[in-house]
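Going down the list, the sequences are from chains A and B.
Here the working numbering is used: the first residue of the first sequence is 1, the next is one more, and so on.
Here the working numbering is used: the first residue of the second sequence is 223, the next is one more, and so on.
These are computed hints drawn from the structure, not numbers from a lab.
Hints may be right or wrong, so weigh each one.
Using 27 Å as the maximum straight-line C-alpha spacing, the simulated DSSO-like pairs for lysine-lysine come out as follows [stated by the list, open to error]:
(1) A:114 to B:247
(2) B:388 to A:114
(3) B:409 to B:247
These are the residues of each chain, in order.
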Amino acid sequence: MGGHLNPNHLIFLGQGALWTIGLSAIALIGGGIVGFAVALARISPLKTLRLCSGAYVQIVQGTPLLVILFLGYFGLSAIGLSLSPLTAASASLSIYVAAYLGEIWRGAIQSVPKPQWEAAEGLALSRTQRMMMVILPQAVRIATPPTVGFMVQIVKNTSLASVVGFVELMRSGQIINNSLFEPFLIYAIIALVYFAMCYPLSLFSQRLERRMGRGRARLQPA
Amino acid sequence: MQHTTSSAAPIVSLRDVQKSFGPLKVLDGVSFTVARGEVLALIGRSGSGKSTALRCIDHFETIDGGEITVCGRRVDAPDVDLRALRQDVGIVFQSYNLFPHLTIEQNITLAPRAVKRMPLTEAKALAREVLAQVGLEEKLHAYPEQLSGGQQQRAAIARSLAMQPKVMLFDEVTSALDPELTGEVLKVIERLAADGMTMVMVTHEMAFAKGIADHIVFMHRGKVHETGPASMLASPQTPELAQFVGTGL
């Protein structure tokens, strides 16, 4: 026990940080794919799809991520389906992210002015063509700043995966602290590393938003 | 152009069309026909139902009763093939509605390529041709936001023309434009009329309607209140039209 912070500790923290990035990427990609489907289902002409996807979003947004993680790891293993910490954390985060990205993207799709749909319809484009060629390219523009902003939340929320024993940045810090007992120093380092990951994303999001402000005239010619 | 329907049959025909928005009856037994090559102007006060009548022709509104036939196709049939209907009908809106993320050329080639599977080179040649028709050849690679309102509206007309519709619908296409820009758009429509395009237009430009329309339909409270040749504007038979024409200019 005891001792001082040495390069091996920092390497261990570095590995944890890489897993934080990796888990964030998995959550973003998995949640992005499901979230896209959720967004489309939320505005589907089929009422059942709208209702189901709406319920999904409400349930996930009304449940703490921590509870979803516990359910995915301890809950499922108790009923005989044992997942590794990585799988449980990836799945739980993806489920969580999908609900939020689904809502962000639904809003973006719906904020494309309705006459754009009508113009595309008047040109005999099918619903899929209208969506892919006219609406989504405009929605992507609208959705990019809030999506990048939400990525900051994903990065920070991966720290909760430490509770199911997944060794990302937070958990690697806890492990080091267990041997060094220097919580202020170690958690300060961890805070700094999280900040270093999130701040560029925040800046990027803000810059996109400012650029969007200029581009808004493009979206509503009148 | 030769079509399947005989030249005697009207391109567009409305018979006793009924339409309500909730408790509000917007169309109350509207009937009129448009023959091939004819220009029909729908006039009337705001809220008289003229825009709704126009939108019903392209099935942007569904009707509660009556019959609408376009190019021999029953628009009010529950199984109407909307994509086929909209290849026959071109529509131009008050707010242009060009796609802001595409260049003018891409705006024009999008539907011919996606709907008619036209090869790219052919679609590009077509874009040049229809832009020449509206006098905008030099704007091929511009984005909509770089164009004036009048130019955007002319580009929107070109985009519709590229689908080679059998009838064009114009929904107050100059209402968002100042008088100078209105003039350049009206000139384009005039040229189309001279070329024999069948057209239905909702317009507030009385002088223009008088000059270009073969038929005028004056709508009042959801009904066709008075109808006749363009000369009827000079000698209104009903006090409502007299008042409208008196104040409409």
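Hints and how they fare:
1. A:114 to B:247: This hinted pair holds, its Cα atoms lying about 24 Å apart.
2. B:388 to A:114: holds, 26 Å
3. B:409 to B:247: Violated. Residue 409 of chain B to residue 247 of chain B sits at ~35 Å, over the 27 Å cutoff.
In this structure, the one hint that does not hold is number 3.
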